[in-house]
Amino acid sequence: MHELSIAVSLVEAAEEEATKRGATGVSAVHLRLGPLSGVEKESLLFSYDLAAEGTPLKGSRLVIEDSPVMVFCTACQTCRPIRSLQSFCCATCDTPATDVVQGRELEVVALEIFE
Amino acid sequence: MTTAVPRLVEIRRNVLKQNDAIAGELRRRFREAGVCTVSLVSSPGSGKTAFLEKTLSRLRASHRVAALVGDLATENDAARLRRSLAPVRQIVTGTVCHLDATMVRDALDGWKLDELDFLFIENVGNLVCPSSYDLGEQLRLVLLSVTEGEDKPLKYPTIFNSADVAVITKVDLAAAVEFDWDSAVANIQAVRPNMQVLRVSAKTGDGLDEWLRFLRSTCLHEELARNGLLEGACSTSEQSRLGHTT
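Protein chains in written order, with my numbering: chain A, 1433 to 1547; chain B, 102 to 347.
Since the hints were made in silico from the structure, they are not lab data. Being a predicted model, the structure only gives us computed values, none of them experimental. Hints may be right or wrong, so weigh each one.
Keeping only pairs whose Cα atoms sit at most 30 angstroms apart, straight-line, the calculated DSS-like set for lysine-lysine is [to be verified]:
no., chain 1, residue 1, chain 2, residue 2
1, B, 118, A, 1490
2, B, 256, B, 213
3, B, 155, B, 213
4, A, 1473, B, 304
5, B, 118, A, 1473
6, B, 304, A, 1452
7, A, 1473, A, 1452
8, B, 155, B, 256
9, B, 304, B, 155
Construct the entire structure; sequences and hints are all you get.
Structure below.
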């Protein structure tokens, strides 16, 4: 389980961004998470409080927005979801897909800050 | 007295920005030095070290090779790999279940990259955590031994999807465990369509020639790309990993 290391990096990143904006406190961190990031949502939520302990982010909420895998389907000539991670093909026409356009995200997309 | 209301500010910041920046810098150094860098991931005990030992011994006759090897606690793997007489450094990660770009950068300290043709990075045996970390490698190999079962790729789709090539190892044991080749290859390609699948036995040497041919041709491809003679030579997962850094 590497979610604790990820949670520590997440807290550091959020703290740095909050400081840059002159925040006096942070009430929530919004994260976009794709299944291909290799990070498990529940474990990350569990690790977050631990990682935030002793930092200015202590007591803040972690809000995770799922970012499902999307691929560019060469047959449909457009972006489509896949059947599943176990069947990496276009959900509409079943063409195998290799061009991933979404689903690797592990990024902070918003902060709720006090000024 | 009024209660302070938080303000929502939109930002866009990759959590692994620092790792990805270091990995990007490593990738640039590898390219400039003309060294082809290959990482190996697999579950513990699938034969990464034996595979690498044979690879180093065979390649050393004609190329300049070196290896970094990650392990939670011991130096055993480095000691085994040194029998190939190639330069090898162990990265002991302690409790950390994966290598990251900083560990790779620090372990390379003092090595002259331009005196190498191939650098191998053996990750910690783990099919989950290494998938999140870009190490700056040009090629990522995922190994699957016949004793692990054909459905491993379905259980760990993320890491199989992040790799460029799959290597099925311990093929000398395939008959004993009634390994179903068709099912294994179908499962690998279900999670990563079109991924090349190689079959190797480090014990008997079966498949090593094909693997080394593949490796040389991939690196030649890289070389041509570097010299501007070829378009789009960077591997698919490398593109993804590069994309990940934006």
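Checked hints:
{"no.": "1", "hint": "B/118 / A/1490", "result": "22 angstroms, holds"}
{"no.": "2", "hint": "B/256 / B/213", "result": "39 angstroms, violated"}
{"no.": "3", "hint": "B/155 / B/213", "result": "23 angstroms, holds"}
{"no.": "4", "hint": "A/1473 / B/304", "result": "40 angstroms, violated"}
{"no.": "5", "hint": "B/118 / A/1473", "result": "19 angstroms, holds"}
{"no.": "6", "hint": "B/304 / A/1452", "result": "56 angstroms, violated"}
{"no.": "7", "hint": "A/1473 / A/1452", "result": "27 angstroms, holds"}
{"no.": "8", "hint": "B/155 / B/256", "result": "28 angstroms, holds"}
{"no.": "9", "hint": "B/304 / B/155", "result": "9 angstroms, holds"}
This entry does not satisfy hints 2, 4 and 6, going by the numbered hints stated previously.
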